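Chains as they are written, first to last, in our numbering: chain A, 1 to 52; chain B, 1 to 464.
No lab work stands behind these hints: they were computed from the structure.
A portion of the hints provided could be inaccurate.
To be verified - Here are the simulated lysine to any residue pairs, SDA-like style, with alpha carbons at most 20 Å apart:
{"hint": "1", "chain 1": "A", "residue 1": "Lys15", "chain 2": "B", "residue 2": "Pro298"}
{"hint": "2", "chain 1": "A", "residue 1": "Lys25", "chain 2": "A", "residue 2": "Thr9"}
{"hint": "3", "chain 1": "A", "residue 1": "Lys33", "chain 2": "B", "residue 2": "Ala88"}
{"hint": "4", "chain 1": "A", "residue 1": "Lys7", "chain 2": "B", "residue 2": "Val284"}
{"hint": "5", "chain 1": "B", "residue 1": "Lys38", "chain 2": "B", "residue 2": "Ile49"}
{"hint": "6", "chain 1": "B", "residue 1": "Lys59", "chain 2": "B", "residue 2": "Ala88"}
{"hint": "7", "chain 1": "B", "residue 1": "Lys59", "chain 2": "B", "residue 2": "Ala97"}
{"hint": "8", "chain 1": "A", "residue 1": "Lys15", "chain 2": "B", "residue 2": "Lys265"}
{"hint": "9", "chain 1": "A", "residue 1": "Lys15", "chain 2": "A", "residue 2": "Lys33"}
{"hint": "10", "chain 1": "A", "residue 1": "Lys25", "chain 2": "B", "residue 2": "Glu286"}
{"hint": "11", "chain 1": "A", "residue 1": "Lys15", "chain 2": "B", "residue 2": "Tyr397"}
{"hint": "12", "chain 1": "A", "residue 1": "Lys33", "chain 2": "B", "residue 2": "Gln331"}
{"hint": "13", "chain 1": "A", "residue 1": "Lys15", "chain 2": "A", "residue 2": "Asn31"}
{"hint": "14", "chain 1": "B", "residue 1": "Lys112", "chain 2": "B", "residue 2": "Ala211"}
{"hint": "15", "chain 1": "B", "residue 1": "Lys265", "chain 2": "B", "residue 2": "Tyr397"}
{"hint": "16", "chain 1": "B", "residue 1": "Lys275", "chain 2": "B", "residue 2": "Ala88"}
{"hint": "17", "chain 1": "B", "residue 1": "Lys59", "chain 2": "B", "residue 2": "Ser24"}
{"hint": "18", "chain 1": "B", "residue 1": "Lys265", "chain 2": "B", "residue 2": "Arg283"}
{"hint": "19", "chain 1": "A", "residue 1": "Lys25", "chain 2": "B", "residue 2": "Val348"}
{"hint": "20", "chain 1": "A", "residue 1": "Lys33", "chain 2": "B", "residue 2": "Glu286"}
{"hint": "21", "chain 1": "B", "residue 1": "Lys275", "chain 2": "B", "residue 2": "Glu286"}
{"hint": "22", "chain 1": "A", "residue 1": "Lys33", "chain 2": "B", "residue 2": "Lys38"}
{"hint": "23", "chain 1": "A", "residue 1": "Lys15", "chain 2": "B", "residue 2": "Val333"}
{"hint": "24", "chain 1": "A", "residue 1": "Lys33", "chain 2": "B", "residue 2": "Val348"}
As the list claims (entries may be wrong) - Reference excerpt, derived from the structure (chain B facing chain A, CB under 10 Å, subset only):
{"hint": "25", "residue": "Gln102"}
{"hint": "26", "residue": "Phe106"}
{"hint": "27", "residue": "Ala304"}
{"hint": "28", "residue": "Asn311"}
{"hint": "29", "residue": "Ser324"}
{"hint": "30", "residue": "Val348"}
Note that the coordinates shown come from a computational prediction; the quantities given were computed from them, not determined experimentally.
The beta-carbon is built from N, C-alpha and C at its ideal position, and this holds for glycine as well.
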Amino acid sequence: MRRFDPKLTDADIDKIAHAIDDNAKGAAALNPKKSRLRNSDEPVTTFEAEPQ
Amino acid sequence: MMHDEIAFADVATLQRLLGRGTVSSAELTELYLARLEKYGPAYGAVVTIVHERARAEAKRADRERAAGRVRGPLHGIPYGVKDLLATAGAPTTWGAAPYREQHFDFDATAVKRLQAAGAVLLAKLSMVELAGGFGYNDANASFTGPGRTPWNRRFWSGGSSSGSAAATAAGLVGFAIGSETSGSILFPATSCGVTGLRPTYGRVSRHGAMALCWSLDKLGPLARSAADADTVLRAIAGSDPNDRTAVDRPFPAARRRPRIAVLAKGTQKTMPAVKNAFEASLRVLEEFCDIAGEVALPDLPYDAAVGTIVNAEGAAAFRELIESGRSRELQSVDDRTGGYVAYATLAVDYIDAQRRRTFMRDAFERAFAPFDAVVAPTLPTVAYPVDLSFDKAYTAYPGVVSLISAGNLTGVPAIGIPNGFGPNGLPTGLSFLGRPFGEAKLVQIARGFQSRTTFHTRRPVLES
């Protein structure tokens, strides 16, 4: 992230890293073993070929 | 009527006064402009007051009325908008220092529709920077400083539509427009003791509104009654060629006694005042609704999904800000690094969250279809203290279930109303969650509650 903000401190980087890790752990709940998404389960946002 | 009574009157009363000639729109506008100047800064509620535009719109409204043309129930009524709606001739800051000089040369569709309805724009109202998309953890998260609830200045007005709620509660505007991605109308409505109506996703065009999260963002009214919120929503709703998600749909009202379910576990781990107010509210609701027992929120990962979606879409919406390093200029310490966290969201997690939404929508339909509304306390506590980070306040009352994440992910409407008072003179609130495009039924229930109670008509004692 320092490529975007060279002034980020080590403490900032540590805070960011921990938060990314927390988010990744939380995201595991999106596809738990007990109810896996199937291959054909589409996201709610779908592409439309015809321009609006 | 005294000035104070007029300032706190609901839209229907103001319209009656205008119709009788008791007051003109120009006089109402001057009354509210003076109150915005006097009280707005003390409550961190205002970013920009648009004096010239307000006076010109009020003059036009009076001129038309004198000529026999009244555009509708909002004709001549002064209002404010959250400062994420574009308005020509005034800055649109999104509550954030990096955008404080930002100008647009057009009005957002919602503003255009209110102008067409004859309403008078008074001010751009304060908000949490970037509508809270970068994960703020305390009230000091706007370049205008923390918003404060008119009921007690030591406590936060809620976010992210902070100024819209506070200005409405303090009688600084007739009504206001806010936005909600996940809680930003219902939360401040509760903290400030006003009525907040979060419409169905797609009911109101977002054209000209700051995008935080395209698949969740919605605009809606904050008002002093459910009837007012209904009037405003009808004025701003409808399709718009500039927002392909916006659609024209009717407002069907319930033709029978409303059937309501109570959210199971809704009062668990809530503040005692919230629980007591909610239980008393159920007794009021029983007078005119059939309470059909409890219904459980389908067990799905709402919080993980909403967090992932807001992070991914928010990082894309503010990619330029993040990559420029200017997040450093944000007010909240957590927002200064939160953009980088959001930026690192995995694409597969975002897609999976959007895949889960289909299941959530279908599960909601199965669970809630038999009811006109599901009711629960809006929040487990009263407003947060201004001087304490959120994760350190009210740790004993985290709540167990919340309709806010789930309701936003499924795109259904909700109305939040005041239903009591708790510690430090702060309001408590309850919410009704409805079926897609079922706002009229929610309004009908909320109006029934407000016709039997006086919480929505009480006024805070203001400090300037």
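Consistency of the hints with the structure:
1. Taking the CA atoms of A:Lys15 and B:Pro298, the gap is about 33 Å. The hint is violated against a cut of 20 Å.
2. Restraint check: the Cα-Cα separation between A:Lys25 and A:Thr9 comes to about 25 Å, which exceeds 20 Å; the hinted pair is violated.
3. At roughly 52 Å between alpha-carbon atoms, A:Lys33 and B:Ala88 are farther apart than 20 Å, so this suggested pair is violated.
4. Between A:Lys7 and B:Val284, the direct Cα distance comes to roughly 57 Å. Violation of the 20 Å bound is thereby established for this hinted pair.
5. Only pairs whose Cα atoms come within 20 Å are accepted, and B:Lys38 paired with B:Ile49 is accepted, the gap being roughly 12 Å.
6. For the proposed pair B:Lys59 and B:Ala88, the alpha carbon gap of about 19 Å is at most 20 Å, so the pair holds.
7. Taking the CA atoms of B:Lys59 and B:Ala97, the gap is about 34 Å. The hint is violated against a cut of 20 Å.
8. Between A:Lys15 and B:Lys265, the direct Cα distance comes to roughly 34 Å. Violation of the 20 Å bound is thereby established for this hinted pair.
9. At roughly 29 Å between alpha-carbon atoms, A:Lys15 and A:Lys33 are farther apart than 20 Å, so this suggested pair is violated.
10. Restraint check: the Cα-Cα separation between A:Lys25 and B:Glu286 comes to about 43 Å, which exceeds 20 Å; the hinted pair is violated.
11. Distance restraint check for A:Lys15 and B:Tyr397: the Cα-Cα separation of roughly 26 Å exceeds the 20 Å cut-off, and the hinted pair is therefore not satisfied.
12. Annotation: proposed proximity of A:Lys33 to B:Gln331 is violated, straight-line Cα distance about 40 Å (limit 20 Å).
13. A distance of roughly 26 Å separates the Cα atoms of A:Lys15 and A:Asn31; the hinted pair therefore is violated under the 20 Å criterion.
14. At roughly 18 Å between alpha-carbon atoms, B:Lys112 and B:Ala211 fall within 20 Å of each other, so this suggested pair holds.
15. The suggested pairing of B:Lys265 with B:Tyr397 holds, with an alpha-carbon distance near 13 Å, which does not exceed 20 Å.
16. Using a Cα cut-off of 20 Å, the hinted pair B:Lys275 and B:Ala88 is violated, with the two alpha carbons roughly 45 Å apart.
17. A hinted pair counts as satisfied when its Cα atoms are at most 20 Å apart, and B:Lys59 with B:Ser24 qualifies at roughly 9 Å.
18. Note on B:Lys265 and B:Arg283: the hinted pairing holds, with a Cα-Cα distance of about 18 Å set against a maximum of 20 Å.
19. Proximity of A:Lys25 to B:Val348 is assessed by CA-CA distance (about 14 Å); at most 20 Å being required, the pair is judged to hold.
20. Taken as a hint, the A:Lys33 and B:Glu286 pair is broken in the structure, with Cα atoms around 42 Å apart against an allowance of 20 Å.
21. Our distance criterion of 20 Å between C-alpha atoms is met by B:Lys275 and B:Glu286, whose separation comes to about 17 Å.
22. The straight-line distance between the Cα atoms of A:Lys33 and B:Lys38 is roughly 58 Å, outside the 20 Å bound, and the hint therefore fails.
23. Our distance criterion of 20 Å between C-alpha atoms is met by A:Lys15 and B:Val333, whose separation comes to about 11 Å.
24. Between A:Lys33 and B:Val348, the direct Cα distance comes to roughly 16 Å. Compliance with the 20 Å bound is thereby established for this hinted pair.
25. Using the Cβ-Cβ criterion of 10 Å, the hint placing B:Gln102 at the interface with chain A is not satisfied: the shortest such distance is roughly 21 Å.
26. Annotation: B:Phe106 was flagged as interfacial toward chain A, and the flag is violated, the nearest CB pair being 20 Å apart, outside 10 Å.
27. The criterion of a C-beta within 10 Å of any C-beta in chain A is met by B:Ala304, whose closest approach is roughly 4 Å, and the hint holds.
28. Contact between B:Asn311 and chain A, as hinted, is supported at the beta carbon level, the nearest pair being about 7 Å apart and thus within 10 Å.
29. At its closest, the beta carbon of B:Ser324 sits 7 Å from a beta carbon of chain A; the interface hint therefore holds under the 10 Å criterion.
30. At a threshold of 10 Å, the smallest CB-CB gap from B:Val348 to chain A is about 9 Å, leaving the interface hint in force.
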